[in-house]
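Chemist: Sequence:
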Amino acid sequence: MPIEIVTIPCLNDNYAFLAHDPASGDTALVDVPEAAPILAALGERGWTLSHVFLTHHHADHVQGLKEVLSQHRANVVGAAADAHRLPKLDIAVAEGDTVHVGKEVGHVMDVSGHTVGHVAYHFPDSAAVFTADSLMALGCGRLFEGTAPQMWASLGKLAALPDETLVYSGHEYTRANGAFALTIEPDNPDLISRVRDIAAARSRGEPTVPSSLALEKATNPFLRATVPAVQANVGLSGADPVEVFAEIRARKDRF
0 MPIEIVTIPC LNDNYAFLAH DPASGDTALV DVPEAAPILA ALGERGWTLS
50 HVFLTHHHAD HVQGLKEVLS QHRANVVGAA ADAHRLPKLD IAVAEGDTVH
100 VGKEVGHVMD VSGHTVGHVA YHFPDSAAVF TADSLMALGC GRLFEGTAPQ
150 MWASLGKLAA LPDETLVYSG HEYTRANGAF ALTIEPDNPD LISRVRDIAA
200 ARSRGEPTVP SSLALEKATN PFLRATVPAV QANVGLSGAD PVEVFAEIRA
250 RKDRF
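Take the sequence shown: its position 164, counting from 1, is numbered 163 in numbering that gives the first Met the number 0, and each next residue is one higher.
What you were told as hints is all true, and nothing was included just to trick you.
Computed spacing ranges between beta-carbons, pair by pair:
| id | residue 1 | residue 2 | range |
| --- | --- | --- | --- |
| 1 | D239 | G42 | 48 to 58 Å |
| 2 | G204 | A82 | 34 to 44 Å |
| 3 | S211 | E3 | 13 to 23 Å |
| 4 | D186 | S69 | 50 to 60 Å |
Derived DSS-like pairs: lysine-lysine, alpha-carbon spacing no greater than 25 Å straight-line:
| id | residue 1 | residue 2 |
| --- | --- | --- |
| 5 | K216 | K156 |
| 6 | K156 | K251 |
| 7 | K251 | K216 |
| 8 | K65 | K87 |
Derived from the structure by calculation, the hints contain no laboratory data. In this text, a Cβ means the ideal position worked out from N, Cα and C, and glycines have one as well.
Could you put the whole structure together from the sequences, leaning on the hints where they help?
Modeler: Structure below.
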């Protein structure tokens, strides 16, 4: 039985996620932007946290941890490479390590770029990957600490996962990301359709996260630096994909 995943809106545009194994009762929390909505979601379901999986050190992903731990004695998991600036870790992990929610195994992926030491957690049996601010819905995180080659390599790891994988990213930035994506691929029919669907979902107050990896690969400009039409549209036909990615990222930073 796959883990049950609950998307929790936090702050203005963040998401946290609960991953619950019905058989064992284990429940993991991915990132802690804000305690109150997370504690409410746990209380409504009668769940008790067993683990907290942190993706990176930015305050809007960790600042609710102390309050959550005051009510749930969970083991805190995060990147060994980031341990010096994360809250105190019970379990430090690195690329290739595994975590568990009940019997389900999650694989730790180093997805540095937005920050150095950013990790993602991939649960193949449930076709889910928690990416926070690495691969995002129709976007990727700003390169605050890492380089374009680092982020392109990280996105490549994520893009290599099965197409049916659902991408649980950390923010509701999708509408704005879609507006930018149309400046890169204005004639992409999959993108045009997705932007229309995003507008409808947001008008109903629905989150646009998670999204399927197949959809990201068809519409997310940051995954499409090898596509000839994308290269042509940014004036870099035949260029190294890292150079194309860096140009797209620079354009988004100015958008």
